[in-house]
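Participant: So you can see what is in the structure, the chains are spelled out below.
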Amino acid sequence: MRAFDYIRAGSCKDALAEAETPGTAFIAGGTNLLDLMKHEVMTPARLVDISRLDLRGITLTDAGLRIGAMVSNSDLAADPLVRRHWPLLSRALLAGASGQLRNKATTGGNLLQRTRCYYFYDTAMQCNKREPGSGCAAIGGFNRIHAILGASDACIATHPSDMAVALRALSAEVELLAAGGGRRQVPLAAFYRLPGDTPHVETVLEPGEMIAAVLLPPAEGGRQIYRKVRDRASYAFALVSVAACLRMETGRIAAAALAFGGLAHMPWRSAELEGALIGEAPSPALFDHAADLLLAEAKGQGDNDFKIPLARRTLAAVLAEATAEEGARA
Amino acid sequence: MHVTLTINDTKHHLELDPRVTLLDAIRHHAGLTGTKKGCDHGQCGACTVMVNGRRINSCLSLAVMHDGDAITTIEGLGTPEALSPLQAAFIETDGFQCGYCTPGQICSATAMLEEIRAGWPSHVSETLDGPALPTEAEIAERMSGNLCRCSAYPNIIAAIRLAAAEREDAA
Amino acid sequence: MTREMTHAMTHDGPDTDHRLDGMAQGVLGRPEPRPEGALKVTGRAVYTGDQQVAGMVHGALVRATITRGRVTTLHSAPVLEMPGVLAVIDDARLVRFSGQGATTKPPAGDAAEVVYHGQPVALVVAETLEQARHAALRLRVDYAEEPGAATGPEEPAAEVELPEKKQSVTGEPDAALEAADAVIDRIYRTSSMSSAPMEPHASLAEWQGGKLVLHSTLQMLASAQGQVAAALGIEAEDVRVLAPHVGGGFGSKLGISPETVAAAIAAQRLGRPVSVVCSRPQSMETTSRRSETLQRIQLGADDEGRLTMIGHEALVSNLPGQKFSEPVQQATPFTYEAAHRRVVHRVARVHRLLCASVRAPGESVGATAFECAMDELADKLGMCPVALRLRNIPKLEPGTGRPFSSHKLAEALTTGARRFGWEHRHASLRARREGEWWIGMGMSSLVRVNTVMEAKARVTLSLEGSALVETDMTDIGTGSYAILTQIAAEMLGLPMGSVETVLGDTDLPASSGSGGSFGAASTGSAVYLACLELRSKLAEAMGCPEPELTLKDGHAIHDNRKVPLATLMGGAAMQAEGHLIPGEAEDKARQATWGAAFAEVGVNAVTGEIRVRRMLGTFAIGRVLNAQTARSQALGGMIWGIGMALTEELVHDARDGHIVNRDLAEYHVPVNADVPALEVHFIEERDDWAPMQAKGIGELGICGAGAAIVNAVHNACGVRVRSLPMTVDKVLAGLVEIDAEAQ
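Residue numbers (the numbering used here), protein chains in the order written: chain R, 130 to 459; chain A, 154 to 324; chain H, 3 to 745.
Isolated chain R (complex conformation):
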């Protein structure tokens, strides 16, 4: 780990002021940042500790649920309101990491996890994310965990968060604070960026900006399902995950929001897919069509080709479960 100056922020204002110095990073739970700093994949010169800031509340408002950025993953998963109205979020959180990590990891930090790739983590390997312009060793290397959607010639890494996949399906927004008092609200859909030829820029967060909260719109009725496929029964990243919020009315799909993990540089959502479901009666053919729409542009890299059929089948199973008559669920 490179040596750094440590500053504990007493307030958001202090934290934002400190962050104006170049080379500064915020640290909250630290479960991803310290992991990367130990490998010197990330080498901030200054760390501003925001873990004690008063951003821990979970409050119900007319606009929905406001989740403070410092709420831990375990507190969020166990929150009674979340469990009752946004069970998808609880389920996604509980499918991620381990009990210990969920106790430490925060809501804001979880969203800002760096994408996962063996070659990004290994400083002996080429990586455009670590060193822009150096090349991508994952292309042509071992790429079983890598992206099949939205990847570029510069980067094929995937976003590792389960929580973010659920938030994407729940149409969450992110509240950002900037030095000087600026405050803006960004839909999660617009928060993440695809790699393109600047894979080192993963979000629209400006230097010095900080996540203050995540905002969930009021829960729609219907079923919420999170399904994660991974290499172990627990404590492993998703190969493919599907988050679904789906409401049926008189035998037809009235509302559908679906987000996918393990497939892309960010939690993936397809308006086309959702549009094709609305107003339709569930059937295997419909689910197959939905998968066609999701995967039309999918491209495997060799080792990850299996994610295409895996995503197709997992999506169909989730849709079948979400649209099944009450009591008919497996």
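No wet-lab data here; the hints were simulated from the structure. None of these values were measured; they are calculated from a predicted model. Positions of the beta carbon are idealized from the N, C-alpha and C atoms, including for glycine. None of the hints are false.
If we take Cβ atoms under 10 angstroms as the criterion, some of the chain H residues that face chain A in the derived model are:
1. Ser197
2. Met200
3. Gly249
4. Gly479
5. Gln635
6. Gly638
7. Ala667
Chains A and H: place on chain R using the hints.
Facilitator: Using the frame of chain R, we list chains A and H on its own:
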């Protein structure tokens, strides 16, 4: 930097490089080597301690971030002469072999049982609102953040169930 | 004053006396808790990395980032100017990878010559751990690279050797296969694997007046002492190695590792104690691994399932010049009967991390693949897989005609089948479905060669009525503390609490060390022999023949006389050394341990995810010394079988051979949730050809258990995966194919 950590009810005033992790502070600076380093990256759970009652991977936290926190390590749970119920249960069921992951397993299990008491659901819970129970499946899922390469897992579950049952009986 | 004696025994033949069965204390075999347990559960057991001595500084290894070539320049100057940095060590004695087990030959030195990507080339030492780690990452290294090095065993550029002693042909295998009623001819693959003990490789070196005191996490101390001495160019007696607690080894700590030598050199250079604890990636990429294997298995059988031909060809890999090659076919010659046989063993020379022993080298992968092929044959014949195996159990060792020391495979199979409920298995595929899950059952035989090693131990009987057992044996989780204590307590008639066992110090008599499942029987026998000697002297004093002497609860008993032990000791403590010497027994009889594994799995019909629902193993290992620690060893072996079958693969980048997943997030050892309820049953037996009638248990579980899972997956969903681990991508490919056919 100056940091005060309360470890097992004893205050430790330490002068630390900000890079020192909570794990290394406990081991090298406070001299409590019961907490182990297995991976140093939050991938094995050997370094599990409780901070203000909650289990965390002490390797993925900076000591300076815990100034003033109350930390419980394996040494604070019991001694060879006065074992905690979980420690005794691990011996009884042979819940370890080489013993290296064991302090982390026991710290993790101690806090995990509190999480169950608090009604926290898990990935394998049938419903999110039902009572949480220390069944085999629940314990296995909730303890999956603690690797054991000797693979004492069945005996670890047996130990935790034994200790949990004893506590129920006592309650 | 202490009276000293020695009892040496060369193990030349069977022992039918079964002396241990005549002892009175009644502790041997019982599920006694581990004596060191309280230290381990309270964090008081001190492992290598826990050692802290005054003035200690920290070292961090630096890794090569090329596959093949030579270090031309280490840019040490900028690093030496960094805060706290004390030295950059690039000594020619630094070693490139770990040593092999049971040899005093050190691993290759001259670490500047790079033979694999990830090889340590230097050590940076600094006042603090943080400073050392950072500086090591910043050390710039220039290389003269040699392009074109083969990194994969199947690359055309990889040279392939056929070691003469590992090839054999009996009869006419090709003709036999031609004439067979049923034929299986398949390729199976197993992956490169990591031992991945929870305690990373670590050493603390300190020089005391020209002598090296080395705390190092190792399995076999006496040979490691020799390796260190040879690597450093000093005498073995000038090295003392200590390892009272070892956090797992699984083969990776049989020999010394690069950090051992590096710590010693740095400590000498700086005149200060130097601690080098490998990071997890270093622990995985600078030590040793299990070779990947490609196995072609040919089976010919008549229509009643009698094997007529067995062919087992293997391709494994190792670095150029290395003698070790994964002994894939070790049990193939004697497990099943067949008149015509062929064994072909190829070693590809590749520039990847060294291959060495990982838990059960040979059968772990060899028996696993073979037992998959047996299942395919049973399928082809329409025969019960258990019946097929029962039909082919040889009476004498095929080829040599030697007797088996004991052969309990049939009993292991039938007992296991009965206890598991094998009769509920559906012979047809895809016959049981629960929701999205296909459910199926599978089984396999378990087999592992058994061996003993030379071992010494010292036992001292005090006038106070307590005993001290001393040997350089290690306890790597295997239960050495427990069983050695039990053997002495049983033989000397003392309660467990009156026997203290001290291990892990080369100043003590040299034991077998821990590895190859030989530790308990070998070093246990040394303790047994020392105790036998003490019993002889006590019997002499008692005035009776030794076999008639009863020792119990600190008293000697003969006829109607019962006296405290001290009254027979002539006012002095008594000490004896036991010495077991391997003899002709191993040549006269084929020794092996036997068992069977049964598994029930669920395969998700949508995703191909596999969940082991329950598993049962039967184990015939001779005398069980401690029912609890033996059971734990059996459980561990079976769970390693789960890992091999489902999750574990050390991935090498095809371009440069480097290990891609060199951490515990991406190298998937099974977690708690991967492991179902497991049952272990021991088949009661005494193997007269094994000293104390006891054999090894640490490895048998992994020697086939994975096949039970592979076979169960096939039974469940009809997908036959021949490349391990069976990750979802592989199962899914089969499911997609089957679903397409169904449409």
